[in-house]
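Generate the whole structure from the sequences, applying the supplied hints.
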Amino acid sequence: MKAAFFQRPVLEVAPELVGAELYVDGVGGVIVEVEAYHPDDRASHAFGNRRTKRNGAMFLAGGHAYVYRSYGIHWCLNLVCESDEVAAAVLVRALEPRRGLEAMRARRGSMADRLLCAGPGRLCQALGVTGEYDALPLGRPPFELRARQFEPELAVGPRIGLTKAADRPWRFGLAGSPYLSRAFAA
DNA sequence: CAGTGGATGCTCT
DNA sequence: GAGCATCCACTGT
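According to the numbering used here, the first sequence is numbered sequentially starting from 46.
Quick list of simulated restraints, FRET-style, between CB atoms:
1. R143 / G184: 19 to 27 Å
2. K47 / G71: 15 to 23 Å
3. A148 / R95: 34 to 42 Å
These aren't lab readings, by the way, just hints derived from the structure by calculation. C-beta atoms are modelled at their ideal positions from N, C-alpha and C, and glycine is treated no differently.
Below is the structure:
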C-alpha cells in the first residue's frame with residue numbers, strides 16, 4: 046500500500062482500511078475496526094493542529110505510524126493520514142488474526158483467538174508494537190499493508206472510550222465480525 | 001452477562 | 001495534579 050493512499054481526507058481513508066491487511070514483522074491479519082481522528086476534533090491528540098511532545102508523528106506525511114502509550118500500560122497504533130499540515134490519523138482498534146498466531150498467543154498469553162487483537166492495546170501487544178515503532182514509515186518493513194481485496198459490509202458508530210466529541214460517528218468496522226473490540230449497535 | 005475498580009506512566013495545564 | 005483513544009480481575013446476578 047503506497048503512501049498516497051493515506052494522503053487523503055482521513056474520513057475517506059478510515060472506512061477503506063476496514064478489510065485491509067496489516068502485518069508487523071509478518072504478524073497480523075485483516076483490519077476489522079478503526080477510528081478516525083481529525084484536527085477539528087476535541088478528542089484528537091492533535092486538536093487544533095497543535096503540536097506537542099507526544100503527537101509529533103501525527104505531523105509527518107500520511108503513511109507513517111503514530112504510536113502512543115495509553116493509561117500508562119498499553120500501546121496504541123495509528124496510521125497517519127493527510128499531510129504534514131493536517132495532523133490526522135486512524136486508530137487501528139481490532140483485526141482478525143491471519144499470520145503469526147503462535148507469536149500472538151505467546152505475547153498475549155493463552156487466550157481465545159478472537160481476543161488476541163480485539164482492542165487497540167491487545168492488538169499492539171499481539172503484534173509486538175511499542176513506542177519504538179512511533180514515526181516509522183508504513184511502506185516498508187517492519188510494516189506491511191495490503192489494500193482490501195473485497196468490498197466489506199461496513200458498520201459505523203460513535204468512537205469508544207472518549208469523553209470529548211463522543212458523539213461523532215467516526216468508528217468503522219466490519220459488520221458482524223467476531224473479532225471486534227465491541228459489537229456495533231444494531 | 002453487567003458493572004466496578006485498580007494498575008500504571010506520561011502528557012498537559 | 002488531573003485526566004486519559006485500555007485491559008483485566010473481580011463482584012453480583
